[in-house]
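Since the structure of chain A is provided, determine the placement of chain B on it from the hints.
The listed protein sequences derive, respectively, from chains A and B.
Heads up: the first sequence runs through residues 1 to 405, numbered per my numbering.
Heads up: the second sequence runs through residues 1 to 185, numbered per my numbering.
In short, the hints are calculated from the structure, not lab data.
Some clues are possibly wrong.
Listed below are the simulated DSS-like cross-link pairs for lysine-lysine, each with C-alpha atoms no more than 27 Å apart in a straight line [to be verified]:
1) B:Lys99 x B:Lys81
2) B:Lys81 x A:Lys64
3) A:Lys151 x A:Lys393
4) A:Lys37 x A:Lys64
5) B:Lys99 x B:Lys76
6) A:Lys376 x A:Lys151
7) B:Lys99 x A:Lys376
8) B:Lys76 x A:Lys64
9) A:Lys151 x A:Lys64
10) A:Lys64 x B:Lys99
With the Cβ distance kept under 10 Å, some of the chain B side facing chain A (calculated, not the full set) [said to hold, decoys possible]:
11) Arg30
12) Ala31
13) Val176
Built from N, CA and C at the ideal position, the CB exists for glycine as well.
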Amino acid sequence: MNRRRFLTRGIALSGSLAAGITAPAHAQGPTSDDPSKRLGGPIRLYGERSRFEQSARARSLLTKTDEFGSTLTPLGETLGIITPSSLHFEVNRGGVPDIDPRTHRLLIHGMVGRPVVLTMDDIRRLPSVSRILFLECQGNSMLEWRGPNAKTVQGTHGFTACSEWTGVPLSLLLREIGVQSGAGWIIAESGDAGGTERSIPLAKAMDDVLVAYGQNGEALRPENGYPLRLIVPGWTGNINIKWLRRIKVVDRAYLTRFDTIGQPTLMPDGTARQLQFVIEAKSVITFPSGGQRLSGPGPYEVTGLAWTGRGLVRRVEVSTDGGASWQEATLQAPVLPLAHTRFRFPWRWDGRETVLQSRCTDETGYVQPTLADLVKVRGLNSLYFNNAIQSWKVAADGAVHNVHV
Amino acid sequence: MSRPWWAAPIAVLVAATAAAAQLPTYGVGRAPTSAEIEAWDLTIPFDGAGLPPGSGTAAAGRTIYVERCASCHGEKGDDPKYIRLAGGRGTLATAQPIKTIGSIWPYAPTLWSYIRRAQPVDEPGSLTVDQVYAVTAYLLHLNGILAEDTVLDARTLPQVRMPNRDGFVPDPRPDVSGAARDKAR
Chain A
1 MNRRRFLTRG IALSGSLAAG ITAPAHAQGP TSDDPSKRLG GPIRLYGERS
51 RFEQSARARS LLTKTDEFGS TLTPLGETLG IITPSSLHFE VNRGGVPDID
101 PRTHRLLIHG MVGRPVVLTM DDIRRLPSVS RILFLECQGN SMLEWRGPNA
151 KTVQGTHGFT ACSEWTGVPL SLLLREIGVQ SGAGWIIAES GDAGGTERSI
201 PLAKAMDDVL VAYGQNGEAL RPENGYPLRL IVPGWTGNIN IKWLRRIKVV
251 DRAYLTRFDT IGQPTLMPDG TARQLQFVIE AKSVITFPSG GQRLSGPGPY
301 EVTGLAWTGR GLVRRVEVST DGGASWQEAT LQAPVLPLAH TRFRFPWRWD
351 GRETVLQSRC TDETGYVQPT LADLVKVRGL NSLYFNNAIQ SWKVAADGAV
401 HNVHV
Chain B
1 MSRPWWAAPI AVLVAATAAA AQLPTYGVGR APTSAEIEAW DLTIPFDGAG
51 LPPGSGTAAA GRTIYVERCA SCHGEKGDDP KYIRLAGGRG TLATAQPIKT
101 IGSIWPYAPT LWSYIRRAQP VDEPGSLTVD QVYAVTAYLL HLNGILAEDT
151 VLDARTLPQV RMPNRDGFVP DPRPDVSGAA RDKAR
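With the rest of the complex left out, here is chain A:
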């Protein structure tokens, strides 16, 4: 049996490549597999990961077809705070368009002094900024309201990711062409078949919104908006319009499909919240998390991610006893506003069944709620903006499961 087949079988047996799994007989003797005894492979002009790495996005359960579908980031396998572009979750409403940047145009018009059509070359000539920012779909964890649903953290929390985005401040473009008095909103529109249109307050547009063309040091990936998208820091995913082709400055929210029934956060009385923007503080343990397995009692590093649309994560606490007691985790530097924040917590597992949780406090003092806290106010049908504390049960055999406590 060659090494690759051996490893593949190892994955099939354990169900995961996560840390803490010890596959036996890894020791490499002086065999023909010894890489120091033979010539390596050739140079490559565009890098690919090792053939031994298998981490991938997964189709969400909301996926109807591959064009009207969404994929989830494998948070249990990503490291640090940056999500590789190839693993960034996606939500598409009409397929991924194939856009030639040489012909792509951004139209900015409406209540402006000088309507303008910009090419990608025009936009790239302007002063740019790069910021590391999380992006979370409001539908993240939407199937977890009524009970534990997904088996892994990819399923429960995979609609969030964090990238370094590069682009031009929208405020620069709007100042460049002038905004008329009386304007209060912008309408941003995608150029794909799905025609996503969202109303965004002008104050936010003038604050920190980016017209972005870069993601993690290279051009945006097609499924993440190539060649141009809006990045609206700290605000819900679908307002970060992908394949951006038009911005209209207007005097009122248009209350489009995507402003209203596109995210109908239903309350128990049957009303629905609209124009919900900010992502509230949330955290999740990514190791140990559902589907992973601890190899036995002993020391482990509990780690996970925290984020908030209101600025900085100030504190993350971890409970290793189902919420009875909480201890402060270490935040990995740099802690950046509106970005994923990695936390770490040393833990010695005694081999007995227990429940692991994390909760996050942001710079405003807001504390991540329990699911019961949320349900008490919002009921069971609000679907979106579920930022509840996540519980992972570690069974006596080391298997980790999604549970509600």
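Below, chain B without anything else, positioned relative to chain A:
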């Protein structure tokens, strides 16, 4: 060879408002033609401003619906096996809310706008303005909101009162927070 951006004539750099004129400008881009704006400026707000001339009835819309919409939305739009567009009135406050045009969509003009821009999904933007009025009329008829022979146009569409018109509320968050002990400091 084109001039660098900073060498553009000052007249082009001066933006139209006083606020903008105080800041550095770059003079990038060009003015759009009116045809370019018309081709893309399709979004109709909740109040129906900018609806184009044209008209349609539910009777005319039925034929278009059967040909272009029914494969995804079912014969009458209310079959749970398809993406539902009709029925579900009065279910939003129940344990099993059914979200349809009739039960949740708050404004008829934004329905019209979405259909014109993004439907049918295999050929978005292919319906004529008259066809969009007609299909919209048929969908409202399927939901018991519009009579079969009512003519929808730029004047009548904004007058349609959707059943859930008043069902949307502003965002009250933060409405829920966990342990309150961190409020200090």
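Tested hints:
1. For the hint pairing lysine 99 of chain B with lysine 81 of chain B, the CA-to-CA distance comes to about 14 Å; that is within 27 Å, so the pair holds.
2. Taking the CA atoms of lysine 81 of chain B and lysine 64 of chain A, the gap is near 12 Å; set against the 27 Å cutoff, the hint holds.
3. At roughly 11 Å between alpha-carbon atoms, lysine 151 of chain A and lysine 393 of chain A fall within 27 Å of each other, so this suggested pair holds.
4. For the hint pairing lysine 37 of chain A with lysine 64 of chain A, the CA-to-CA distance comes to about 50 Å; that exceeds 27 Å, so the pair is violated.
5. Proximity of lysine 99 of chain B to lysine 76 of chain B is assessed by CA-CA distance (about 15 Å); at most 27 Å being required, the pair is judged to hold.
6. In summary, the hint linking lysine 376 of chain A to lysine 151 of chain A is supported, as the alpha carbons are separated by about 25 Å, within the 27 Å threshold.
7. For the hint linking lysine 99 of chain B to lysine 376 of chain A, the alpha-carbon distance of about 22 Å falls within 27 Å, and the restraint holds.
8. A C-alpha spacing of about 21 Å is found between lysine 76 of chain B and lysine 64 of chain A, which places the hinted pair at or below 27 Å, so the restraint holds.
9. Between lysine 151 of chain A and lysine 64 of chain A the CA atoms are separated by roughly 20 Å; this keeps the pair inside 27 Å, and the hint holds.
10. For the suggested pair lysine 64 of chain A and lysine 99 of chain B, the alpha carbons sit about 17 Å apart, so the restraint of at most 27 Å is met.
11. A hinted interface residue such as arginine 30 of chain B counts as satisfied when its beta carbon comes closer than 10 Å to some beta carbon of chain A; here the least separation is about 6 Å, so the hint holds.
12. Annotation: interface hint on alanine 31 of chain B holds; nearest CB of chain A at approximately 6 Å, less than 10 Å.
13. Annotation: interface hint on valine 176 of chain B holds; nearest CB of chain A at approximately 5 Å, less than 10 Å.
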